[in-house]
Amino acid sequence: MKEISEKELKKLSIDELTHLFVDNINEQNLKLIEGIEFLVEEDFDNFTQNLNYVIETNTEVRIKKAFESKIFKSKLMFSKADRLKLFNKINDIKNIGEFSANKMLLYRVVFPDEDFKLQILNILKSLKLISNQLTDAIKFIGSDLTKAHDICENIKEERRRMRKEEWQLLNRLYNYDMDYLSRTFLYLKELIEGVMMMADHIKSFSEYIQFLTTKYLIFD
Amino acid sequence: MVSDLTSILVIVLIILAISLAFAIGANDETLSSLVGAGVIKFKVALLIGGVAVGAGMFSFSFAFVAKTVGADLLGEGLTYTSFMLLTVLISSIIWLVVGSFAGIPLSSTHSLIGSIVGVVIVYSFLQGGVNPETAFNWVKLGNVVLSWFISPVFGLIITFVLFKIIAKTYLSKLKGLNQIENSEKIFKWLLLITVIFAEIWVGANSGEALGILYGLLDNGSLNMGQYLFYAFLCGISSCIGIYIAARYVIRNLASQMIDSRPSEGLIIQLSTALILMVATLLSLPISHSHVIVFCIIGMGLAQKKEVDYKGLGKMGIYWVLTFPIAAAFAGFIYFGFNLFGLT
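Protein chains in written order, with our numbering: chain A, 14 to 233; chain B, 1032 to 1374.
Hints were generated in silico from the structure; no laboratory data involved.
Incorrect hints may appear among the rest.
[As the list claims (entries may be wrong)] Straight-line Cα separation of at most 27 Å, DSSO-like style, residue types lysine-lysine; simulated pairs:
#, chain 1, residue 1, chain 2, residue 2
1, B, Lys1204, A, Lys93
2, A, Lys83, B, Lys1206
3, B, Lys1216, A, Lys78
4, A, Lys98, B, Lys1206
5, B, Lys1074, A, Lys93
6, B, Lys1206, A, Lys152
7, A, Lys93, B, Lys1171
8, B, Lys1216, A, Lys228
9, B, Lys1216, A, Lys77
10, A, Lys88, B, Lys1098
[Unchecked claim] Taking beta-carbon pairs under 8 Å as the criterion, some of the chain A residues facing chain B (in silico):
#, residue
11, Tyr66
12, Thr70
13, Ile154
14, Tyr200
All values reported here derive from a predicted model rather than from experimental measurement.
Virtual Cβ for every residue (Gly too), placed ideally from N, Cα, C.
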């Protein structure tokens, strides 16, 4: 992502700062997902590189500071608290991603079989999709709440589908004939749970956007 | 001796009336929506609101609600004695204080009119030559009581309809948060104008203090010049009441309204102001708080929000009971005065 100077940051509006922030966080999220895909392919170098990128990148901190100083001084009336909450919820995505990345770097796992790999890639594809959709939904809050609401509905639907995949994966993991190293088992279990934790946050975030829609939109 | 006592009593009544005007200002929460929306600085809002209430109170003091309370409720040829007015004040103040301590929301208007009815009934029974049937202007009294039921219902209907019209023609067309926020910025300035308009009518319809003074004018204790001077003091007193004492109530309510929309506040305040304006022009003292509660309900119904019918029913019982209890209480106090020859 293109570096942006302090001066340029100060010029941006609250809406623009939110968009920049969510783009930044989404980019890191996609890096994390791509990193896990490298792990599935047993490309450990790229896996480590991607996850370290997520851990080490902190450009969002500058955006956050610029946003906070702007929102406290802003003359926005009733949506001030909600905009701040929205921003913090975006920040939580980064926290979850960073937490998962740190955990995943603890061990280099080898996946049990091709079917397992395929299914993991499937839920990663879904995670990528809902992460992008959430970014779009957040960007639509300012201009079209109905559209944001509809996107969130799609996110919730995709997350439901992911949940089914999660159970299948866990079921598969618990029913392997061979005795796995306990570390491998634990790692894979936590990997699945980490991915789903992110999906759950995105789902709860989309529910919050839908709450904002019902709060602010007036239907005749 | 009697003349001295009467003069002292008149002075006491004037002081109490001015204090009551202060209390009316101190208890006025109309500015909350304005402060909550952050339209203007808090102190400026208090000053503007105070001046509007004071101006409304003084401008309409020569007739209208003050005349209804101070003279027109009584039957032909009957005027208040100073002790009757004192009893009315004591009764309504005690009943309101008890209500406040018990946490019961009461209307000062209902309490005042109830007290007047109680005092006049006892007066007509105890004084020879006064027929209880002719002691009241029944048409006026009937209209006043009827307005207490009609005004909240009209408040609800006007708010409901006004919201539906504005929602259909404008608010529902707003798509994004930025557009909503920008349109609310315009609404907040309209809210400022509406609140000033509402405050004027709140002052104009507050007949409690001026009604007492008008009673003194009607029984000859004050001449018109004196009456207008004290009415002016009442206006200033209510203004000071808002500036000094109402700030706590307003700040407290405003903090709960920070995420409420100026457009909603505008519709509620406009409906309330219209009801108060019509009632004032018809010389009918109505309860501001009853009207505003029903306007809020109207807004809730228009937005398909749930209404707390249980709480509303409880409030309704207190509202209905205020009038007879205040009447009985005032009658009892006035009877006590009579036992000591103070009529």
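Earlier hints that do not hold, by number
7, 10, 11, 12 and 14
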